[in-house]
Amino acid sequence: MWAIETRNLRKVFRPLFGGKPITAVDNLNLQVPPGTVFGFLGPNGAGKTTTIQILIGNVYPTAGEAFVLGHPAGAIAAKRKLGFLPEKFQFHDFLTAEEFLRMHGRLAKMDGATLQKRIDEVLELVGLAERRKSKIREFSKGMQQRIGLAQAIIHDPDLVILDEPTSALDPLGRRRVREVVQYLKERGKTVFLNSHLLSEVERSCDEVAIINRGRVVKQGALDELLVNRSIVSIELKRVEPRILEGMSKVARKVQPVDERRVTAEVDEEDAVPELVRAIVESGGALLGLQAHRETLEDLFIQTVEGEAK
Amino acid sequence: MGVIVALTLKEAMRRRAFLGTVIILIALYGLSFLPRAFKEAFGGNERQFEVGVNLAVLFGVDIIKFFSAVLAILLCAGAITAEIERGYLAAILPRPLHRWELYLGKWLGVMLFSTANATLWTAMLWVSVAVQGEPRMEMWYALPYVLLYPVLYGTLALALSSFLGASLASMFTVAAGAFAYFSDHFLRPIAALFDVKFLQQIVWLSEWTVPMATLKRLVQARVDTILPPGMDDAPPFGSPEVLAFLKPTVQTLDGVYVAVYITIALLVGLLIFWRRDVQ
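Protein chains in written order, with the working numbering: chain A, 763 to 1071; chain B, 77 to 355.
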């Protein structure tokens, strides 16, 4: 059983007073294995938020199916095991942190004794134990994000959906979120993470899916998607066709940037010295070189730009 | 659902509705002592004082009807779409509760608040006239019907708030109330006395659209017994049909119609909220 599964999921928004219908999600097929930290990526307007809203039962799909922990998305049985941190939220700021979590625990049908124990645990986990009696309106934006994270996990859900959890956080806050994600992973929970901070996703996630125009365009384990490929930025005295030809024998892709700079993509780091040799043998005057492993950001841009072409 | 009821009550208290409650309490207290103040200032006999108290009670009941309805509109109009837009429901809707639980929880919360307010105001009015030696039990007999005002308008505002923002939902509810009031108080006498069929049909339609006149009759049947003789009598001319139209009496099914109307408004709002996308 998948933690999340969608089959040909489609959502079309039809404006109330005429106008062109907007297809936000278009035959989306997604499988999220249980127990993983799953990154859900895509450019703005790709359909990520709509997909999440369908998964939590806020939006009805136009066609297709969505399942959460084996239950139809939006069913009470699915919601019982689901925790959610929204991207845009306004909490009832007249409540204290403790009252707020108690309210959410009761909404999640937790019993009194378990709830009190769990409130202590999650406040400790998100670093707000000492502010339990403070009203939420007194919290900074980062603290509000952390209390939001606390409400998402108060009922010990099997699946936690985090929609841009680190967008408002400073580096320390982001580290705290990573720690919470790690804590959830160690307890065998599934975390579905929607974030624009690709470095965060790369550090936390086991698997990712990249969506564009409402469809999944790439999905898989991070270590499979990010093969041991290196991107090499080269500075030459002058870029000439014969040098590019020589480099092409070693590199899988060569891309001139301007008259002096070239970017080359090699399959593994060991190929970099060979690339240097090829430049020199082609008569190129090498002024500088910098190699780095392909990052999720490289993969993301490549995938989305490839789709656009 | 109990959590949502409690949350709605807390929100109502937070939104300075409590301050409104206290201001109306003070106003009613002051109103009840006006007849005594007049008697002391200008003289007058006990009978005149008694009539003054009766008028103050009738006016007080009108104040309670009006302000409890206004309070219910203000609280209900922003309960659904406005809360979605502000992001208050973003973390609550994914909880394991049905949308009807959320909707009815909010409705119940506002109705409890309105009921408590109207009861408190009635108690204040009753006590303050009772201490002057003029207890009027009639206002307690009318209270169950007075309570239907916030229920009617609150339910209407909540139904509209299931797809409209707070300003539009309250505006349309107030417009519906104004239409009903205008038809009953201004169009009805004109339509009756000049026997204008078209206006009579508008009055009839308005009563079906928003049964405020029906509610008014139900309340009047309980409190008008203290009206001074001669006041609010039918004019001494006109055919029986015209007079019946001008001063309609309570019909057996009036209460049933109001109950059915409120139930349908509640269900329509619930249905819209149940089927709409929330984002």
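No lab work stands behind these hints, which were simulated from the structure alone.
Quick caveat: nothing in here was measured; it's all calculated off a predicted structure.
Errors might be hidden in some of the hints.
Think about it this way: if two alpha-carbon atoms lie no more than 30 Å apart in a straight line, the pair counts; the simulated DSS-like pairs of lysine-lysine are [said to hold, decoys possible]:
(1) B:Lys86 <-> A:Lys879
(2) B:Lys86 <-> A:Lys871
(3) A:Lys782 <-> A:Lys871
(4) A:Lys999 <-> A:Lys980
(5) B:Lys292 <-> B:Lys323
(6) B:Lys86 <-> A:Lys897
(7) B:Lys273 <-> B:Lys323
(8) A:Lys879 <-> A:Lys903
(9) A:Lys947 <-> A:Lys850
(10) A:Lys947 <-> A:Lys903
(11) A:Lys782 <-> A:Lys980
(12) B:Lys86 <-> A:Lys895
(13) A:Lys871 <-> A:Lys947
(14) A:Lys1011 <-> A:Lys999
(15) A:Lys980 <-> A:Lys879
(16) A:Lys897 <-> A:Lys871
(17) A:Lys850 <-> B:Lys86
(18) B:Lys323 <-> A:Lys903
DEER-style ranges, computed between Cβ atoms [said to hold, decoys possible]:
(19) B:Asp271 <-> A:Lys850: 56 to 62 Å
(20) A:Arg937 <-> B:Arg90: 30 to 36 Å
(21) B:Ile139 <-> A:Ser929: 46 to 52 Å
(22) B:Val272 <-> A:Lys897: 31 to 37 Å
(23) B:Phe142 <-> A:Met763: 56 to 62 Å
(24) A:Pro777 <-> B:Met89: 19 to 25 Å
(25) A:Ile784 <-> B:Met89: 38 to 44 Å
(26) A:Leu778 <-> B:Asp271: 54 to 60 Å
(27) A:Ser929 <-> B:Lys86: 24 to 30 Å
(28) B:Tyr217 <-> A:Ile784: 56 to 62 Å
(29) B:Met89 <-> A:Lys850: 21 to 27 Å
(30) A:Pro834 <-> B:Met89: 37 to 43 Å
(31) B:Ile139 <-> A:Lys897: 32 to 38 Å
Quick reminder that beta carbons are idealized off the backbone N, C-alpha and C, glycines included.
* Checked against the structure, which of the hints given earlier come out wrong? -> 3, 4, 15, 18, 22, 24, 26
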